[in-house]
Structures are given as C-alpha cells and as structure tokens.
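Trainee: Single-letter residue listing:
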Amino acid sequence: MRWGYLIPRFILVALLWGFMAFGFDPLVRYSAIQAVQSITGAKADIDSLETAFFPPTARVHHVALASADRPGTNLVEFDDLTFRVAGDALLRRCYVVEEARLTGVRFGTPRSDDGQLPWEPESEEESGPMVPPWLQDKLKNIGHEWLEEFTQQAKAQIDPNRLETYRVGNEVYAKWDGRFREIQTTIETKKAQLEELQRQIRTAKEGEPIDRVQKYLTAAQNADILIRDSRTFLTQLQASVPQEVKQDFARLDQAQKNDRENIEESIRMLKPDARRITESLLGEEMYLQLDKLLSWAELARSYVSAVKAPPEPERGRGTDFEFPILNPTPRMLFRKMLLDGELLVGNVPTPFRGILTDVSSDPKLHGRPSLLQATTGGQTPVEFLMRHDATTEVAVTDLAARFTDLTEHALAAGRENGDRLTASLQNLKWNAEITMQEGQVTGQIDVSSDFGQPVFQTTSPYATALAGLTQDTLQSIKTVNATVRINGPALHPHVEMTSDLGQKLVAGFETAFAANLPQMKQQAIAMVSAYANERRQDLSAKLGGRYGELLGDHEKLMKSLDDARTLAMNLRSGHVDPNEVYRTVSQTGLLSEKDQQKADKYMGTVNQVLGGAKDPDAAIQQALPVLKKKLFR
Amino acid sequence: MLFILRPIRLTLRAVLTEAKPGQLALGFAMGVLIGVVPKSNLIAVVLSFVLASLRANLAIAAATALVVSFVAGYLDPLSDRIGSWLLTHPALQETWTHLYNQPVMPWTDFNNSIVLGSLVIGLILVYPAFRLSRPLFAKYTVKMTVWAKKFWLTRLLLGVELTDRFAAVN
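In order, the protein sequence lines correspond to chains A and B. The first sequence begins at 1 in the working numbering and counts up one residue at a time. The second sequence begins at 1001 in the working numbering and counts up one residue at a time.
It cannot be assumed that every hint is accurate.
Unchecked claim - One side of the interface only, derived from the structure: several residues of chain B facing chain A at Cβ under 8 Å:
(1) D1080
(2) N1112
(3) S1113
Stated by the list, open to error - Simulated coverage check for chain B against chain A, where a stretch passes if three residues somewhere in it have a Cβ under 8 Å from a Cβ of chain A:
(4) 1020-1033
(5) 1049-1061
What the hints assert, rightly or not - Far from chain A, by Cβ distances over 12 Å, these chain B residues were calculated:
(6) L1125
(7) V1126
(8) R1131
(9) T1141
(10) K1150
Hints were generated in silico from the structure; no laboratory data involved. Beta carbons: idealized from backbone N, C-alpha and C, even for Gly.
Modelling step: build the complete structure from the supplied sequences, incorporating the hints.
Mentor: Below you can see the structure in the form of structure tokens.
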C-alpha cells in the first residue's frame, strides 16, 4: 500500500472527524438559531449546543428567544435542554425523544439588547392584532357609568318634566294662551270695523242733505251687521269658554291622579341592570383571564402544529413515495418532557413544574393525545392541564386551569368625583375549562371570591339616603360567584358573563329602595301636587283676568255700536231731532275731539236761539249790545 | 517559507498522485456520478466514501462533481420521471418496501423520485464517462504538464518531480 493512496484518505477521514468534532455542533446550532428566528421574528440566542452519537443525545445551554413585540424582552428563556433520541428509530429516520428535560424556563425576562432582527422575517400570515376583536368589543362596552346613570334615573323618576301633570298643565296653559290671542284678534278686528263706521258717520256730515241721509243709511246698515256679528261672537264665547275651561281642569286633575299612581310603580321598577353591574365590576378581569387562557391554548396548538408540520427543506425537489412500514413511528415524537422554571403570576415570579407528553408529528399514527400538566408553587398555586387530541380528523384542544389568587383585588364602578361604588375581592378561586375545535371555542371560567368593604358614595342629593341604605345592605354580601361562558368562532366568540354579584347588588339596591320608597313617594307626590296647584292657579288667574278684560272690551264695543246704530236709525226714519242727534253723537264718542267741541258749541248756540225764541224780549235785550256795536261802528 | 509550503506540497502531491489516465478517468466518472446525485442524503455520502476508497484521482473527481452539480438541476425533470417510474413500478414495490423498512435506508432518500432517478442516470453515465474520458486524459496529460510547468506557482507547490511524473506517464 503506497502512502500516496493512504495520505489522501487519511486527510479525508481527518476532515470528516474535524467536521463532526468541531463543525457539526456549530452547524446544528446555527441551523437551530435560523429556524427559531424565522418562527419568532426576533433574535434567538443559543449559548452552546452539544451533540453525541453514542447514545444520540443533545444538550442545549442557555437559550433566550427575544420577543418581536416587546423590544428588550425575552419571549422565553431557559437554562438547559437535554434530550436523548431513540437510536433504533433514528436509524429509520424518526426522531423519537424518549425523555427530555427543560430546566430554568422563564418568561418575559429582560435582555441586554433589543432583540430585534435587522431584517424583517418573511411571514406567510399577517400577525393578528394584539387584542382579539371580541375582547376589544367587550372592554369597550364595559361601562362604569351605570351607577351614575342609575342615580340619574332615580332622580329622573321624580323629575317634573317626566310627569303627566306637567305636560297637561303646560299644554292647557299654551292652549288658552292661543285662544286668548285669537279672541283678542277678533275684538281688534271689530274695533277696526267700528272705526270705519265712525269714519262713515263723520263723512256723512258733509255734502248735500240727500247724500248725507244716504250715507247715514249705509252706516246704519253696517252698524246692524257689525252688531249682529259681535253678538253672535259674544254668545259663542260665553257659552264655550267656561265649559272648555272646566274640561281642562278635569284633565289636569286626572293627570295628577295618574302621576300619583305611576310614581309608586316607577320607583318600584327602578333597579340597576345586574348584567351591567357584573360586567362593570368583574368584566375586565375575567375577560383578560379568558383571553390569556385562549392565548395559551392557541400558543400550545401552534407549537403542536409546528411539530406536526416541520418546515420544508430548502431543496424539496421531486416526490417522496411512502411505502408501508412494519412498525410505523411518527417522524417526530416527544414521549416525555420534564419542565421547570418560573412563571409570572400576577407579576410575581412563581416556580413551576410540568410534564409534556406525547407530542408527535403524526398524532393519528401515534394514537395518543398530547398532554401538558403544570403546577406552580408560591402563594397562588396554579394547576394547568392541556390536552391536545389530534388523533381524530378534527383536532380538539381541552384546557383546564385552576388557581387561587390570595391578593386583594379592588373593585370600583363610577367616577372618582361622582357616584362611585367600591369594594374588594379576596381569595379568588379561578376554575377554567376551554375546548377549542376547528376554529370554534366553547367553555367557561368560574370564579368564586370573598366580598368585602363595600362603599357607595354619591354626589346626587336624590340618592344620598339611598346610597347609605344600599351600603348597609351590601355589607351583608360575603361571597361572590361569577361565570364567563364562551362559545362560537375563536375570533368572534359569543362571550356572556353572569354573576351573583350583580344580582346581590341589585337585591341590595332593591332593599334600599323598599326602605326609602315611602319617603321618595311622598316627596314625589308632594312635588306633583304642588305643581298641579300652581298650574291651576296660573290658569285661573289668567282666565279670570284676561277673560274679564276681553268681555269688558267687547261690552264697550257693543255699546258704541248700539249708539251708532240708534243714530243711524233715527236718521233713516226721518225723525231728526237736532238736539237728539248732537246729543247722541256726542255721547257715543263717535266724533273726534275737535268735532265734539264744535258740536258742543253748536248745541249751545242752538239752545240759546231756542231759548230766545221762547222769550223774545230777553233775547233782543241780550243781543242789542252786539247789534249796536255792529250797526254803529 | 519552505517550512510552510512543504506540507501543502505533500498534500497536493498526495491528492494528485493517482495521475494515470485510468485513475483520472475513474475520478472523472465518479465525479459525474456524485455531481448528479443530490447531496443531502446518505447516497451522496456513501458514494463519496466509495470514491475515497477507490484509486481514483480525487482532485479530478472533486472538480468534476462540483461542475456537474451546477448543471444537475437541468436533469431534474428527467430524473423525476425515471425515479417516479421506478418507484411506482408494481414489480418493484416489494423491493422498495423491504428497503424502506431497513435501518439506515430512509436516510438515503431513495424513495425520492429525483434522488433515485439521478442515481440511475449517474450510474448509467459512469461507464461512458470513464471510457470516453480515458483517451482524452492519455492524450492531454503531457500537454497539460508542459503547460503547467511554465507557471512558477505550479513548480513551487507541486515540485518539478511531480510535473516530471506527469510527463513520464506516457
């Protein structure tokens, strides 16, 4: 054998050994880092990776997987992962891990760098929102304003604006206001017509005697018509108004009676919505717990799916033909993995231990569901069990969690400076069971807790007494039970929360109402009565005053019309007594002031003349000085 | 300087020492076979060991395998068809099943149509490659040696005696 043949072979063997001794582990480590980074989208640090072939084992030291969403934070970090691969299965190209041990697992630990990759990893699926849509909807709809609304509602129940008495009173008041305006307008129209008549009489004094008579006749006819209309109007007014007013007062009385009856019923019906109270006080906490559980379930499902469908090799050329296997084994199988580390439970690092079994790339072939059991220590022990059964056509994931939270949780509803109800929950016992199947989720979370320190403060004077009574009754609540039920599509499930807390609080409010009801009722009825009386008085005063004024105006108008008609009638009949004419005209007020003065002067002259005719001597004696002055000037 | 160059010279001499036309042609033929077969399986590793165990010129084999690997992708459709035909042939099902159930065999990826097809193509090409390349090596080795001697680097690394050896072959 020549050295020329041996040396190259030795060199090749040496290179191969060198690769296996020094290059294989770094190559596997590099490949693992790349694979994990492509999954997490952030840096993956693996301090070292050691493999051995006899027996086939691997040991990974200190792994830190950065979070892509929270720079500077690790998604998960662990100290050691050791596992042994079954040799016979490995010869058949199956990775069967008989037992693995994962120690020092910690979540959310800080990093020295931000952990972000300089490039954006290609992602087939767009990352979903941090908060699922259902949770966003639920959190948005949780309102703490129910308490304020409730106190406002209590106030509104005895608000005068809501009373029938108030509505009817206003309606009647407005109605009569309109009616009086109409009557006033009618009277004003008739006054205008009277003025026109006066104008006709004034103009009748001018012109030829025949024309004057004709004009007086026309005026007399118009006066007749106007008087007839006015009398009809007055008759109608006097007949209808008192009756209508009587009816309106009866309506007001009926409204007051109805209000008295309704107030009692309204106060009795007044109670807050138990569902809203429950959501307001417990909703956020329970929905977040539910979301956390769903996230865990989804995470676990995705890890199992990743094992089930490992990434395709880069050069996946050609077609792989599968042949029957005598002793089939899944390509990848973790029979048992022991876990330990620390979990953050309520921001407190809590040690945990767990066992993960039967994680397989082909669950149907393996025939057993994957199970994860974990328990935590510390003050708030958590028991967690997840079962992922993909042995059937449709994979089913069941998740159960149970833990006791000893920390005190403050409950609050309402605003700091407004109506506010506060209390506390202690010793919370959570129990959750969720089932996920083909994008559907069903399950429920139950929580039972001790209830204490209820304080109800209100700024509304209407609810102060109520708040005190409510607080007293809430003191009797010792325990609270709540349940969140979820079912439907995983992204938009129907989530419903029920709790006896809401019912108990409502019962507390009702008890307080029952105690406070007579006082509230008395207050409300007094308010109704006072208001009704006030309206009635207003209306009476208005009717008494304005109606009297309007009737007075109308009477005056009728008197003027009568005089005008008398004057006109005398003129028409030919029995014209100048004295009577002037007297009548003067007394009717039909003439203007200037005309009235002229008429008075004329009447004086006539009287003098007529007086002189009765005693001619006295008249001549009286007239002589004037005649002398005129004749001998 | 000589202290550094000497191990390199010895190594290169060893690699290129199997320089008879037959050994060169064998190296070429094995290079074709290894070059055609996809590398990510046990078949490629086994072929490499076979090559190493043969008295073939490793340098020629490595260079050939490298070049053929680049063009092997163009043979994939043909390899796929041949491999699929073989793997689905009813008469061979029992054989494949038996092989598939043997330890280590799954690592060979023989159940992949392209792996099996390219192996078959490679095996078919081995003999023609050997037969055709041998006279060419016999003819051109002397000329190549004379040409290589012109370069000071060749002389430095391989030594004059090596180039003389090439010349002495014929």
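Trainee: Hints first: check each against the structure and report whether it holds.
Mentor: Hint by hint, here is what the structure shows:
1. Evaluation of the B/D1080 hint against chain A yields a held restraint, the C-beta minimum of about 5 Å falling below 8 Å.
2. Because the beta carbon of B/N1112 sits about 5 Å from the nearest beta carbon in chain A, less than 8 Å, this interface hint is met.
3. Contact between B/S1113 and chain A, as hinted, is supported at the beta carbon level, the nearest pair being about 4 Å apart and thus within 8 Å.
4. With a cut-off of 8 Å between beta carbons, the region 1020-1033 of chain B has 0 residues touching chain A; three or more are needed, and the interface restraint is violated.
5. Beta-carbon proximity to chain A at under 8 Å applies to 4 residues in the region 1049-1061 of chain B; the threshold of 3 is reached and the given coverage holds.
6. With a least CB separation of 19 Å from chain A, B/L1125 remains clear of the 12 Å interface cut-off, as annotated.
7. With a minimum CB-CB distance of about 20 Å to chain A, B/V1126 clears the 12 Å threshold, and the non-interface call stands.
8. Every Cβ of chain A is farther than 12 Å from the Cβ of B/R1131; the closest lies at roughly 24 Å, confirming the non-interface assignment.
9. Its beta-carbon lying about 17 Å from the closest one in chain A, B/T1141 satisfies the requirement of being farther than 12 Å from that chain.
10. Separation of B/K1150 from chain A is adequate, the least Cβ-Cβ distance of about 25 Å exceeding the 12 Å criterion.
In summary, the one numbered hint that this structure violates is 4.
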